[in-house]
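Protein chains in written order, with my numbering: chain V, 13 to 127; chain H, 71 to 187.
Wrong hints could be hidden among the right ones.
[Stated by the list, open to error] Take a look, some chain H residues computed to stay more than 12 Å from chain V by CB distance:
#, residue
1, Q76
2, P78
3, T83
4, E84
5, T87
6, T96
7, Q107
8, D108
9, L115
10, Y134
11, E142
12, T156
13, V158
14, S164
15, Q173
16, V186
[What the hints assert, rightly or not] A few chain V residues facing chain H, derived, Cβ under 8 Å:
#, residue
17, G28
18, P30
19, K34
20, Y37
21, Y51
22, L56
23, Y73
24, F75
25, A99
26, S106
27, K114
28, L115
29, T119
30, Q122
31, K124
32, L127
Read the hints as simulated data drawn from the structure, not as lab findings. Since we're looking at a predicted model, the values are computed, not measured. Every residue, glycine too, gets a C-beta built ideally from N, C-alpha and C.
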Amino acid sequence: AQSVAQPEDQVNVAEGNPLTVKCTYSVSGNPYLFWYVQYPNRGLQFLLKYITGDNLVKGSYGFEAEFNKSQTSFHLKKPSALVSDSALYFCAVSGVTGGGNKLTFGTGTQLKVEL
Amino acid sequence: DAGITQSPRHKVTETGTPVTLRCHQTENHRYMYWYRQDPGHGLRLIHYSYGVKDTDKGEVSDGYSVSRSKTEDFLLTLESATSSQTSVYFCAISKGLAGSGIQETQYFGPGTRLLVL
């Protein structure tokens, strides 16, 4: 069975500082990993994904994520946080269904960026 | 929201009543999914569809049924709503362009907030 852990319920960071939101995963076979962001009363928005290749994946809004196979981690990063980045972030891992893909999500990390 | 609409957006109902939520997409994507979001659980897959009349169960399917009679519509039915089904329900699609689809991005609708009293 596949699983995702987001060990921090909340991350606080000052605007302009770098941010990291942690994610570790467990899956048999090749890992396909995703990050989504959710703003209040909205659906999830796709940020980035790792399929294969370069371990550093660049995504939307200046976010990037680093895939580390030995540590089974896929941490989300941004060099300089903005107040507008404050939101709920979800990491997910993909597994095979009868067709399409079955996403297993972590429990989410609330990011709060303060002035 | 990737051409996905959900209706209703908010619903309050009573225990024991049937409820149907609708997901509509405008771009003829092959795969559609229903998730529920609860604090402390993230999102969990209820049911998914890989084509018209082709559906299967997800992680938390008990108490739910689905139907897909047209490509664009995926219905989620709570046959007899219970308070434990109070949640936010999200529909998602993936385009079905690449093989089994395991690598594909899912795009989410705006959600339906359901309260069962």
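Tested hints:
no.	hint	result
1	Q76	9 Å, violated
2	P78	15 Å, holds
3	T83	20 Å, holds
4	E84	24 Å, holds
5	T87	25 Å, holds
6	T96	15 Å, holds
7	Q107	8 Å, violated
8	D108	10 Å, violated
9	L115	6 Å, violated
10	Y134	16 Å, holds
11	E142	16 Å, holds
12	T156	16 Å, holds
13	V158	9 Å, violated
14	S164	5 Å, violated
15	Q173	5 Å, violated
16	V186	19 Å, holds
17	G28	29 Å, violated
18	P30	25 Å, violated
19	K34	15 Å, violated
20	Y37	13 Å, violated
21	Y51	11 Å, violated
22	L56	4 Å, holds
23	Y73	16 Å, violated
24	F75	15 Å, violated
25	A99	14 Å, violated
26	S106	5 Å, holds
27	K114	6 Å, holds
28	L115	6 Å, holds
29	T119	5 Å, holds
30	Q122	11 Å, violated
31	K124	17 Å, violated
32	L127	27 Å, violated
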